[in-house]
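Each chain is listed here by its residues.
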Amino acid sequence: MADAATNMRVKLPLTCFILEIILIILFGVLVQYDHETDAKAWHDRNTTHHSSEYDNDFYYRYPSFQDVHVMIFVGFGFLMTFLQRYGFSSVGFNFLIAALALQWATLMQGFFHGMHGGKIHIGVESMINADFCTGSVLISFGAVLGKTSPVQLLVMAMFEVTLFAVNEFILLTLLGTRDAGGSMTIHTFGAYFGLMVTRVLFRPNLDKSKHKNCSVYHSDLFAMIGTLYLWMFWPSFNSAITAHGDDQHRTAMNTYYSLAACTLSSYAMSALTAHDGKLDMVHIQNAALAGGVAAGTAGEMMLTPFGSMIVGFLAGIISVLGFKYLSPVLESKLKIQDTCGVHNLHGMPGILGAIVGAVTAALATRDIYGNGLEDVFPDVAEGRPAATQGGIQALSLAITLGIALLGGLIVGFILKLPMFGAPSDSACFEDSIYWEVPGEEESHEEQLTAVRTEEAEKLNA
Amino acid sequence: MADAATNMRVKLPLTCFILEIILIILFGVLVQYDHETDAKAWHDRNTTHHSSEYDNDFYYRYPSFQDVHVMIFVGFGFLMTFLQRYGFSSVGFNFLIAALALQWATLMQGFFHGMHGGKIHIGVESMINADFCTGSVLISFGAVLGKTSPVQLLVMAMFEVTLFAVNEFILLTLLGTRDAGGSMTIHTFGAYFGLMVTRVLFRPNLDKSKHKNCSVYHSDLFAMIGTLYLWMFWPSFNSAITAHGDDQHRTAMNTYYSLAACTLSSYAMSALTAHDGKLDMVHIQNAALAGGVAAGTAGEMMLTPFGSMIVGFLAGIISVLGFKYLSPVLESKLKIQDTCGVHNLHGMPGILGAIVGAVTAALATRDIYGNGLEDVFPDVAEGRPAATQGGIQALSLAITLGIALLGGLIVGFILKLPMFGAPSDSACFEDSIYWEVPGEEESHEEQLTAVRTEEAEKLNA
Amino acid sequence: MADAATNMRVKLPLTCFILEIILIILFGVLVQYDHETDAKAWHDRNTTHHSSEYDNDFYYRYPSFQDVHVMIFVGFGFLMTFLQRYGFSSVGFNFLIAALALQWATLMQGFFHGMHGGKIHIGVESMINADFCTGSVLISFGAVLGKTSPVQLLVMAMFEVTLFAVNEFILLTLLGTRDAGGSMTIHTFGAYFGLMVTRVLFRPNLDKSKHKNCSVYHSDLFAMIGTLYLWMFWPSFNSAITAHGDDQHRTAMNTYYSLAACTLSSYAMSALTAHDGKLDMVHIQNAALAGGVAAGTAGEMMLTPFGSMIVGFLAGIISVLGFKYLSPVLESKLKIQDTCGVHNLHGMPGILGAIVGAVTAALATRDIYGNGLEDVFPDVAEGRPAATQGGIQALSLAITLGIALLGGLIVGFILKLPMFGAPSDSACFEDSIYWEVPGEEESHEEQLTAVRTEEAEKLNA
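Residue numbers (the working numbering), protein chains in the order written: chain H, 132 to 592; chain F, 132 to 592; chain E, 132 to 592.
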């Protein structure tokens, strides 16, 4: 199982150490506490403004940050444990590349979001943004799951984080696009980047390991841990960096109702399309989450619970249809082997979310938003027509798709370099090439040995 | 396995789509953002009152909401995965009916809690209340687990939510009963409603699937995930909608100590009553939670940590005794087949909690509560004698039991309609009638095949 | 399997009941609500100070408390489920001794932290401190896991909590040591106490049950649930009781970056040192957490993200090296059988954290901290030289090691008393001596029976 190419003895330590040491040096040179995490700055400001400790953004955002953090590490990690022989890698590589990506994202986003006297200032909001960017990498990970070495994944993470920050900068800073929950910047970007990477890494003989590319009973239950944490905390995800007050409150609530409606339509479509009226765990694990993705852009807007539910309802339908009818076509015709079906959970619902956001933005008026318009659409509050804002939102979707696909194309070819140690076709979806795997359930083997011995004795007798 | 009655191909999609579309329409007609989630209303109010963004109730309650949310979806969902062949249904149907119930509860509770110009206003508090009402449905689900189709469960949820809202309205609004953590409104109601439904649905030949109605080693570990999340977050549950300040703080703390004491008495009773001094996982998974249920009414009162511990201590004892001695009698004599033992976890501890609440209320004085009396007992603060409040609390328990039992009786007979697709006796506690179940641990089957082949070859040789 | 000594029928109920009744009585005599949980006191104070409900410490600390709570019950509990036949005991005894320890810790810490008119005042901060003290007991539990009866564990918890409170009192109150995240008070203390206990309880013939002292595939996935919750919530752990404002914010952020860097170095070292370049789950489950331990003392200081990452990076390296090279030596030469390797996760990283804290303290100046110096180093702000503070920090490490080792020695001998029911060597790491264990995966046994029957028939034919 362990040929030279996939042996990680030298490659993985070398990659980890070099990257981490570079990160540490760059942090030493570039990164500083912001005015809310620096002891002196906070106390100086606090004395001047006679303000309360509560004005520290920590208290507005840390609970949301922790929910997002759980989504990144437990949510994404366990969602991918559905594979029967790839649980260690799913949760373990998710852990590894997330830990790398959040550090690199701090630097990249800090750089693009604006330096302060040559320094990047960080606090809880930058931590949330770093986790968001990491989420995008993990979505792409879902597309290539089982077919890539950890070194390939680390390399992909470095490039993807960089491109994510560029795209985010173009959208949020240059164009004034609104995308608090990241339907475009996180989900659409991560999905199409990953799909293009997996297209470039197409394996015509993947059927050699196809029997491992499925679940067993227990692995599906582990995956449901991931699903439920993503589902429950998605309201926190979408509202984590919206403006204080009604904005965070409204975003969380819109997402809550979008997800609830999405769950109903996912179950309905699963029973309708699956064999013999039976529910398919793949749909439940994934499609029921599409409502969170689709509320990523418009969630902070005055979408109303009614609108949110329609969006979630449609997202669930689209997502199940994608799993059932589109994914097989993508694989057979377009040679896109999308292990986790990220196109159905993040790709199409992300596009839906971007469109809903563009329409909702185009309909924004001061009548509806009152003085809250400054929070949700600062450019519109300063005079940009709402229709223009809507157009910019739509344009942003196109830009995101372009950068994701082009970026994925280039990074895909980089990952093909043999030195990164891709596994052979027959070793895909198999933990034991990267991990010391313990004997599974010794007791059963012992029982089998016992049966064998017994039978042998009978034959001899 | 899949006969016409239990085939969900048409029934489940139809039910989900019809219900969800009705919900969406009703939300469109009836539901509005409240003054804390509406952009215009919040900013208008904020400008007038010169208030901080922190006055938005989101910051007081959203962390508690998320803890409650985890209890509903992961807590209840995984608690029921103890069944060896019903894990998908336990966590999956829990997910489905919770997603439906929280939407319908928003409407029902909004209707009874008072409309604003013909509209229901929603925010984080209504979200918590919707999750609470959902919790009640999930308790009833525990009683009928394994013996009902998803369509039956959806129908039950719709009726139960409606009756829950009626009972809650009578208690909290008409009578001025205090029940912040829902010992009565949630636990007693959900338990006795579910027990009556399972009584009506009595299956004399359930022994046909009795061998599946038990756990295996791994399923008990999955169930412990549910248990621990319920246990850890119960302080948030009981304090989620109590008044700001000392009330939330005190309620969380009382519940914390009640649960700790309950855990000790549950372990003690389990070892004392179980075979050979060994601990029984059923007791640990369930009885250790009874302290949270029993602190549901009095948790916000000046129960003291001392009082809370006594309550928790007793709740643990009662609960284990119920599992050991009462449940078998309920099944054999009263024909109540209570799959999860909700009578022991929610029924009796709920009644205990109601009684403790009545006594504590009857002993309330302004000496003890000071100006906090307005928060905990607004009617007493306005002149109602404490003894009267205590009497009303006791009366509320009787009303709750009456509505739950009568409601369960009627709904039980409705669920008997053949069109809802109840499973046959031999198909109970079996995922594969509703789900595409993956081969369990293929490797073992392969090993068995290998053994068979080997032996066959030996015989031929 | 069940000999008289380990039969818990009488011992466990008796111990639980006696301890719990003593606790309830002591709570009745000694414990009161503090001014933020008492209805009268809070409303009186609030009226006088015209303050907001937000000034209640509940809103500053309860989200952190809940994260810590999850670490204690799910984090520690599931981290130890890696053992193939000891999952019930790992998560179940963790639950039991934690529920006991947090009650006893409330009393012990309340006693040493200062009584108010003969009463112990409690609120959310005391709840966090009780959970912290409990964490220390659970670390020691990790060292003796699988080799001790629940009665032994309860007795150990009572003694250890007491000694923890003494050590904490000497450090924090008498010496003015800073240790918000407990590198010394929690991790170093718990680890060396547990190591000494397991040394005293040395079993020369433990190889009789050695084959059970390892993991299987699924148990390693369960353990990853524990790992990830500990990893994600460690920022909340270290910041839970630091001062409001920049302090909590900074501590959480420092810990976040320390853990991220630690994860990279843990993976690197695991691949570098393990067989054939494969990753070892034991390293990932444990060493990746060392960065949280090592940031426990200096996390609240102006360590900078740069400094935090260096600390985490080193902690990961030390921890993996400990698992690979030191643990076998400790076992063979020093007769220390450390089941979970707590020396590598809590012992050495705790010492590293203490040293980093001493150095960082010695370098503190008002230039760096501004008026924040009062929060982080109140004694230095009042005139104590920073170098002295650093010296006191170093002295505190020595004191902690001394009390832990001496305490562990004495308690270890107490636990050797036969009446506490230690399991025999061959029954170690085995759930079935304490738990009713369900048949594992009946379906497989049935399959085996089927094979047996088939073959028998063939032979007869």
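There's no promise every hint is true.
In this list, chains with the same sequence are indistinguishable; a pair is considered to hold if it fits within one copy or across any two.
What the hints assert, rightly or not - Taking lysine to aspartate or glutamate pairs in the EDC-like style, the calculated list, with each CA pair at most 20 Å apart, reads: (1) K343 / E567; (2) K171 / D498; (3) K171 / D510; (4) K343 / D498; (5) K455 / E505; (6) K171 / E505.
Simulated from the structure, these hints should not be mistaken for laboratory data.
Values in this document were obtained by computation on a predicted structure and should not be read as measured data.
Hints, one by one, checked against the model:
no.	hint	result
1	K343 / E567	both (18 Å within a copy, 17 Å between copies)
2	K171 / D498	between (43 Å within a copy, 8 Å between copies)
3	K171 / D510	between (34 Å within a copy, 17 Å between copies)
4	K343 / D498	neither (57 Å within a copy, 60 Å between copies)
5	K455 / E505	neither (43 Å within a copy, 57 Å between copies)
6	K171 / E505	between (31 Å within a copy, 11 Å between copies)
When held up to the earlier numbered hints, the structure conflicts with 4, 5 and fits the remainder.
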